[in-house]
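Novice: Listed below, chain by chain, are the residues.
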Amino acid sequence: MIRQVRVAQSGMAGDQMSNAMILLIVLGLGAVGYFLGRRRALAKVGGDPRGLHSLPRYYGANVAMNAVVPALVLLVGWLIIQPIVINSAVSGMIPESAVSEGSSISLLMSDVRRVADGLDAAVSQGVMTEAEALRLDEDAVKEALAGVGVALGADVTAETLAAAQRYREMAGTGNVLKAIVIIGAALIGFAVAFGRTTPDFRARNVVERGVMMVLIAAASIAILTTLGIVLSLIFNTVEFFRLYPASQFFFSLSWNPSFSGRGGGSELGILPLLWGTLYISFIALLVAVPIGLFAAIYLSEYASKSVRSVAKPLLELLAGIPTIVYGLFALLTVGPLLVQVFGDDGALGVDWMQGGTAVMTAGLVMGIMLIPFVSSLSDDIINAVPQAMRDGSLGLGATHSETVRQVILPAALPGIVGAILLAASRAIGETMIVVLGAGAAARLSMNPFDAMTTVTAKIVSQLTGDSDFASPEALVAFALGISLFVITLGLNVIAMMIVRKYREQYE
Amino acid sequence: MTDASLHKKGKSLLALDARTKKRNAAEARFKGYGIAAIAVSLFFLVALLVTIISNGVPAFTQTYVNVAVTLDAAKLDKNGNRDIDDIKKVSTFGYKPLINAALVDAVAGIETELSDKDVGKILSASAPAVVRDYVIANPDQIGETVAFRLLTSSRVDGYMKGRVVREDLARDKNLDAAHLDLIDVMVGQGSVERVFNWDFVLGADASESRPEQAGIGVSMLGSFFMMLVVLILALPIGVAASIYLEEFAPQNRFTDLIEVNISNLAAVPSIVFGILGLAVFIQFAHLPQSAPIVGGLTLTLMTLPTIVISTRASLKSVPPSIRDAALGVGASKMQAVFHHVLPLAMPGILTGTIIGLAQALGETAPLLLIGMVGYIATNYPDGVASGFLDPNSAMPAQIYEWAKRADPAFYERAWGGIIVLLLFLLTMNLIAIILRRRFERRW
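Top to bottom, those sequences are chains A and B. Take the first sequence: its position 226, counted from the start at 1, is 1029 in my numbering, and no numbers get skipped. Take the second sequence: its position 355, counted from the start at 1, is 382 in my numbering, and no numbers get skipped.
Just so you know, these hints were derived from the structure itself, not from any lab. Where a beta carbon is used, it is the ideal one built from N, C-alpha and C, also for glycine. Please note that the accuracy of each hint is not assured.
Unchecked claim - Label pairs and their in silico Cβ distance ranges: (1) A:1030 <-> B:200: 54 to 64 Å; (2) B:411 <-> A:932: 55 to 65 Å; (3) B:456 <-> A:1140: 47 to 57 Å; (4) A:827 <-> B:156: 40 to 50 Å; (5) A:1158 <-> B:44: 38 to 48 Å; (6) A:932 <-> B:223: 28 to 38 Å; (7) B:411 <-> A:1158: 44 to 54 Å; (8) B:343 <-> A:821: 41 to 51 Å; (9) B:205 <-> A:1109: 54 to 64 Å; (10) B:357 <-> A:1033: 43 to 53 Å; (11) B:236 <-> A:1070: 46 to 56 Å; (12) B:73 <-> A:1109: 50 to 60 Å.
Claimed, not checked - Not close to chain B: a few residues of chain A, all C-beta gaps over 12 Å, as computed: (13) 845; (14) 888; (15) 969; (16) 986; (17) 1078; (18) 1135; (19) 1155; (20) 1244; (21) 1285.
Using the sequences provided together with the hints, build the complete structure.
Specialist: What follows is the structure, encoded as structure tokens:
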């Protein structure tokens, strides 16, 4: 795998080079444009900026902007579209018959790309000339590529080689065309803006409109990210359901992927994973909610200022610790400790626990992680309850704890429920603690000392190690991902609605 | 209950009746629960920190043995012409006997039941490579006797740190109790010593069989390049997005959509961002697997909501009078924001960015999916481009990698790695706090 990576690199390095060159040229044009635009504007009014509509630097910025921005947008678009165009053109060349049993067109295409990248690498390293690379036949190609450190798995068929040659040819023309079009666009933008630089030109307004566009684009990245998440999940999930029946995925009671990578014989039911996830989250909440809630009540209602100023940051320290630390804590400390208590020769002599990784281990540690989360959210919510309600209750003769239990908590209840839901969504989406602490076996069991596994842990194990995304065993991770996304999103939306509604109530 | 009935029973107002006592007891209990909750949380915090420190600190020292190795010319340079190519032909197997002989010499005065061949087991498998590298770098030293400080094997190191005891060695074919007796004497002589382990802090990861050699330095560089990507992308994009939303956005559907998206993204599990990174940057864009640039891009998307939220808060805290004054003297809206509001909000923005970066630095789950685990980070990146594009690990991914390995000697490394990681996080948070204290203005 590492070897392939290296090849991809050398193929990319060439690409990168030309892209970096284009980028440098465009940026250089922009910098030159700034100074020329500014000078021209000043020259037109004889060096007196008062004759200009805008400050001189806006004229410069206008030229620079017109040279750089359209060219860069074009470059990004080109980089996205060119591979798609080439891919579809080349994969059209491969006849149906060439796709052998147990393979797919996407696998073949990755072979094609690998051969093409390998040939590029060979040419750039000077092992062969361009003309030799074009004349290579399918028997020679494997040795030739092995010479430059490109290992090819299967034998290269004539179709693959032809496709690879076509791929290289198209990529080559594409790159030349790209350079011409983009630098051309930059020059045109430069010329137009430079020509428009007159004292009456409203350069500031134009530049500010441009800046506004950039701001809007930056804000839209949030939408693009969500879109990217949803699309990448949906596409791969659809692909998965084409290979594996959806009803099996949602209702099968067993999770048992085969590792042959050929598919077939795998049982990929989400229910055992969901059970493990919910069980662990439940235990985590069982730990975190009482402790977090009582801590919040104490800190906001009882604690003196000095206690509060020490205890609150310390609690928040727990929230700042990365989850990998909690994972390690679960695996190496809490797990063995629990075995000593509940295990075979344990202190209680009950033999409930076989190994250190268990639902209890992960749940307990996750609970610790969630304490500050619950407590700081509840703290905010309790503080939002109007002081008048406290005063009223205390004035009627209720003790402090009666006030908390009978007035403050009922008033804050919706908000606290929201906070608990947010914590639950955190627990369901948590990965590192369960990967290290919960075990790998998927099972439906009631014993909290059994090892179980979760949705997130299985996403990790199905997607690591293997770089082939065509098998149902790998694609199932995307279906798990979308389930996780929907569940956490649903919890978050409900929780936020509750919290917002509650806040409005007292504002 | 009326006053009259109280008086009838003849009770003093100062004596508490049963009901009041019960209520007061309930009050005390309730307060006790609160104190207990705080105490339990603090106990967890202390337990966590104590575990980390007690398990991790040993990783910062390492046991070395000092031996004087005679670099025998007859073995290392058979032709005698000091030709570097000839010297390079001698593999590490050629060096092993030399080192073993040196070690046997060193322990000559000590009584031991070990055969000469077995004595070498106290050394790390990396020892011949160390000597060979030295010889290749200094070919003129061939024929001389040179003092080396060589790594001991991880078992010996574990014995020195109290992790390995004699009983453990009964079934261990790598080391006998006799070795440990030998070590005890050598420690007394001063030829075996524990010193600060710079190789752990600065060095590269090693293969599964050599925990004594593994270091976190290379993955630290991987994390560094990732954070660079995050900083370069997330700060400008996050600030631009916040300025738009806070200062310019009209109240409409589009703005609402962005706001809802940002608050949802802040709560999406980090592993989902890993799936996004895998699908978009590796599957679709064919960026190299395991490369810090992919990790950086993925973490950028994850950190953006955090930065946007904190930046908006600090923009909001700049009072409107500043904007009004700027507008009043003829600045455009854009100029008012960029020349006046933004500089005033900058300390808050930087604080938020540092906290976002700290979060990104400790994040592991997305990195697992884009291939930063399972890659053994043995090479330092050569140059900046290689730092971004060549496969590397990152600190949390490296810790995870060590935690998964079979040899318990790696656990010590994992805990040690956590100390390094937490030190970075602590520093970043301290900088954020200092920035806030020194520069944040209350209006």
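Novice: Look at each hint and say if it fits the structure.
Specialist: Hint check results:
1. A:1030 <-> B:200: 54 to 64 Å: At 57 Å between Cβs, range holds.
2. B:411 <-> A:932: 55 to 65 Å: violated, 31 Å
3. B:456 <-> A:1140: 47 to 57 Å: violated, 29 Å
4. A:827 <-> B:156: 40 to 50 Å: holds, 42 Å
5. A:1158 <-> B:44: 38 to 48 Å: At roughly 56 Å between Cβ atoms, residue 44 (chain B) and residue 1158 (chain A) fall outside 38 to 48 Å, so the hint is violated.
6. A:932 <-> B:223: 28 to 38 Å: For residue 223 (chain B) against residue 932 (chain A), whose Cβ atoms are near 55 Å apart, the range 28 to 38 Å is violated.
7. B:411 <-> A:1158: 44 to 54 Å: Hint holds: Cβ distance 45 Å, inside 44 to 54 Å.
8. B:343 <-> A:821: 41 to 51 Å: holds, 45 Å
9. B:205 <-> A:1109: 54 to 64 Å: The hint (54 to 64 Å, Cβ to Cβ) holds, given that residue 205 (chain B) and residue 1109 (chain A) are roughly 60 Å apart.
10. B:357 <-> A:1033: 43 to 53 Å: 46 Å Cβ-Cβ, so the 43 to 53 Å window holds.
11. B:236 <-> A:1070: 46 to 56 Å: violated, 36 Å
12. B:73 <-> A:1109: 50 to 60 Å: Since residue 73 (chain B) and residue 1109 (chain A) have Cβ atoms about 20 Å apart, the given range 50 to 60 Å is violated.
13. 845: holds, 20 Å
14. 888: holds, 14 Å
15. 969: holds, 18 Å
16. 986: holds, 23 Å
17. 1078: Answer for residue 1078 (chain A): holds, closest chain B Cβ roughly 18 Å.
18. 1135: violated, 6 Å
19. 1155: holds, 23 Å
20. 1244: holds, 16 Å
21. 1285: violated, 9 Å
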